[in-house]
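Asker: If you want the building blocks of each chain, they are given just below.
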Amino acid sequence: MFNTISRMLHTGLLTEPLPAPDQTAPTLATRQKELLKILGRALCIRHVDAGSCNGCELEIQALNNPYYNLEGAGMKFVASPRHADLLLVTGPVSVNMEEALKRTYDAMPDPKLVVAVGDCGACGGFFGTTYASRGGVARIIPVNLTIMGCPPSPAAILDGILRSVRPTETEDLKGTVSQ
Amino acid sequence: MATDFMEFQAARLPANIPSRRLRVDRVQWLQTAKALRESKARFLTFWGADDRDRDGGFRIYAAYLLPDTVMVVEHFIEDSPAPSYPSIAGFYPAALRMQRSVYDLLGISTDETDSRGWLRHGGWPETLFPLRRDVDGSRQYPIASGPYPFVPVEGDGVHEIAVGPVHAGTIEPGHFRFSVVGEKVLRLEERLGYTHKGVAKLFENTSQQNGHRLAARVSGDSAVAFSWAYCAALESITETVCPARAILLRALALEHERLANHLGDLGALGNDGGFAFGLTQFSRLKEDLLRANTVAFGARYLMDYVVPGGVAFDLPADARCRLLDLYDALEPSVNQMRSIYDEHAGLQDRFREAGRLEQSTAEKLGAIGLAGRASGIACDLRVDHPWTPYDSLVPKLIVRSGGDVAARVQVRFDEILESLRLCRALLSGPPIETIHTSVPVAAPDLLGIGLIEGWRGPVMIALETGPNGGIRRCHAHDPSWQNWPSIEYAILGNIVPDFPLINKSFNLSYSGQDG
Chain A
586 MFNTISRMLH
596 TGLLTEPLPA
606 PDQTAPTLAT
616 RQKELLKILG
626 RALCIRHVDA
636 GSCNGCELEI
646 QALNNPYYNL
656 EGAGMKFVAS
666 PRHADLLLVT
676 GPVSVNMEEA
686 LKRTYDAMPD
696 PKLVVAVGDC
706 GACGGFFGTT
716 YASRGGVARI
726 IPVNLTIMGC
736 PPSPAAILDG
746 ILRSVRPTET
756 EDLKGTVSQ
Chain B
8 MATDFMEFQA
18 ARLPANIPSR
28 RLRVDRVQWL
38 QTAKALRESK
48 ARFLTFWGAD
58 DRDRDGGFRI
68 YAAYLLPDTV
78 MVVEHFIEDS
88 PAPSYPSIAG
98 FYPAALRMQR
108 SVYDLLGIST
118 DETDSRGWLR
128 HGGWPETLFP
138 LRRDVDGSRQ
148 YPIASGPYPF
158 VPVEGDGVHE
168 IAVGPVHAGT
178 IEPGHFRFSV
188 VGEKVLRLEE
198 RLGYTHKGVA
208 KLFENTSQQN
218 GHRLAARVSG
228 DSAVAFSWAY
238 CAALESITET
248 VCPARAILLR
258 ALALEHERLA
268 NHLGDLGALG
278 NDGGFAFGLT
288 QFSRLKEDLL
298 RANTVAFGAR
308 YLMDYVVPGG
318 VAFDLPADAR
328 CRLLDLYDAL
338 EPSVNQMRSI
348 YDEHAGLQDR
358 FREAGRLEQS
368 TAEKLGAIGL
378 AGRASGIACD
388 LRVDHPWTPY
398 DSLVPKLIVR
408 SGGDVAARVQ
418 VRFDEILESL
428 RLCRALLSGP
438 PIETIHTSVP
448 VAAPDLLGIG
458 LIEGWRGPVM
468 IALETGPNGG
478 IRRCHAHDPS
488 WQNWPSIEYA
498 ILGNIVPDFP
508 LINKSFNLSY
518 SGQDG
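Just so you know, the sequences run in chain order A and B. In terms of the numbering used here, the numbers along the first sequence are unbroken and rise by one, the last being 764. In terms of the numbering used here, the numbers along the second sequence are unbroken and rise by one, the last being 522.
Looking at chain A on its own, in the form it has when it is part of the complex:
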């Protein structure tokens, strides 16, 4: 126990102010405020791997480490699509995952947002459109925002999630975000 407490004290607080890849982007505080204004509460995220190589998963998991401290920014991952506001989808959509992805999307309550993560999620990446891969996520379910990268960094993913909740920045919200 002494060791544990000593390690906690020596580690200290590591959470960083969010590095915005785009310098003109609003600060984290502004984003949080906006997030609260739009949703009125924390953002609940459900992740689905629709066929990725598992690279993007590693960077999404990194969002929970103390440097990025996702929960501290008012966002959390939830275990069921029925609890989720936002669906984070990785990978090209494999034909074997097409049905599961559609069902997950259908299980989410409205209003719902979809963010496609990585080059594969955006356009199929290396895997393209084949007998086994349907290509980008948007070919299967409506996508509000895509985050490029192979894999994109945690900072880029966090920035994308925050941008997706701003109705003006998403491509097509179809009235899914309550005003």
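Note that these hints are calculated values from the structure, not bench results. Heads up, the beta-carbon is just placed ideally off N, CA and C, and yes, glycines get one too. Any given hint could be a false lead.
Beyond 12 Å from chain B on every Cβ pair, some chain A residues (computed) [to be verified]:
1. 626
2. 682
3. 748
Which stretches of chain A does chain B cover? Using the computed rule of at least three CB atoms under 8 Å from a CB of chain B, they are [claimed, not checked]:
4. 590-598
5. 627-634
6. 644-655
7. 689-700
8. 713-722
9. 725-735
For chain A, the structure is supplied; the task is to place chain B on it using the hints.
Answerer: Below, chain B alone, put in the same frame as chain A:
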């Protein structure tokens, strides 16, 4: 003795570790498997190819690891309305799922009774075999999925729990069918293949010079191992000698990949054992390493670092000091965390005895790599079949006999410390030297293999060249293939709530298995 004719007839095969190639007929196909099993050879991988355009039939290959060599056994099957070959799963059970996959992709079958699809879930027609050369891989088909008959378990109070393919966390998709009484697991049956992306077919439209990029994306967490295995195969075929400096940097990148995954797993295992502090600490240490990767290798995950002929670029001038500082900070932290884990009664209560894979079971199933070493399977290519630069580094073989979650945790701790020693040694290499050489275009129809001990176990690429700098066939093998069946045994008698912990302690790749 069957092994006699093997030694007599086997020809040298281009590879980064000594390898031989043996052509056999239908009877010998089974005889060699039997003889190799009796001589305790380990089963590495199995794949098939459509050669009807070249010589009117199909070929199947099985690769085995012997104490001094890798043996690739090749069998030619004449084309017929129902091409088939005898199953080797009686000797090597791990081959069963691979044989089912070969049927799904090529339409060549075995005498096994289990003919359920493994990679095909109804996403393409039953009569279409995508890896055949006359099939256009870019065509799309509507899904016609039927029921998948899981093996039923009957008895008083037995019920089934179906989990997946979408899981509750940020992990890959797969289906687990538990048959339970109360909380206790009587049987687990896995169904995988959900992330099948047609990698083998994609390779056929990829150039030799570009294949390493696709290989790196077979399983993103093993990008260095796969891309190095690919490059090793291509360089062996073309007899290219990589600059010494490039080889050192590849090994450094491979050890960083091992460190990053082990650190991440140790955190996740603490978390699954109810000790969130462990996740916080280890995910921080992993992030420190990934940030150092950005400085040293230009990216957090090294998807495109290993290239044919060398590496993409050398370490920047200040990277060596930065990395040594990182190792100096990492080592005491890991040691401290280890004593915290070891002394935490609640955590040890979850780790010990959970998910035990006995050594005898592991031997029978052919478990390999990290999970094998935690069950007493003393096999690490870096130690047993060292290729450059591991021949001069002499890595320590880390083996535990417990076979439980605790043993897999201890193997990871030991391997982190050993990897740090290797990284320091690798950084003492000559600093200014060339890091890349050009790789000539290989002639068509040449086979070569690359075999690299990734963090999970032996990663293998079998590359057959095509005309005009193309690829005729490339088979990428992840050690998860061998180890997935082990989880079905490790879980027996455990309770369902311990499954996430046990599954994490193996941390197998879904994408690597599904291809």
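Asker: When I compare C-beta atoms, does the region 627-634 of chain A have three or more residues closer than 8 Å to chain B?
Answerer: holds (count 3)
Asker: Does the region 689-700 of chain A contain three or more residues whose Cβ lies closer than 8 Å to a Cβ of chain B?
Answerer: violated (count 1)
Asker: Can the region 644-655 of chain A be counted as covered by chain B under the rule of three residues or more with Cβ-Cβ separation shorter than 8 Å?
Answerer: That given contact holds, which follows from 8 residues of the region 644-655 of chain A lying within Cβ reach (below 8 Å) of chain B.
Asker: Cut-off 8 Å, C-beta pairs, minimum 3 residues; does the coverage of the region 590-598 of chain A by chain B stand?
Answerer: Result for this restraint: holds, n = 3.
Asker: Using C-beta distances, would you say chain B covers the region 713-722 of chain A, given that this needs three or more residues below 8 Å?
Answerer: holds (count 7)
Asker: Was residue 682 of chain A rightly flagged as not at the interface, with every chain B Cβ beyond 12 Å?
Answerer: At about 5 Å from chain B, residue 682 of chain A fails to clear the 12 Å cut-off, so the statement is violated.
Asker: Classify the label on residue 626 of chain A as holds or violated, using whether its beta-carbon is more than 12 Å from each beta-carbon of chain B.
Answerer: Holds: least Cβ distance 21 Å, greater than 12 Å.
Asker: Report holds or violated for chain B covering the region 725-735 of chain A, Cβ cut-off 8 Å, minimum 3 residues.
Answerer: violated (count 1)
Asker: Classify the label on residue 748 of chain A as holds or violated, using whether its beta-carbon is more than 12 Å from each beta-carbon of chain B.
Answerer: 20 Å, holds
Violation of the numbered hints given earlier is confined to hints 2, 7, 9; the remaining hints are satisfied by the structure.
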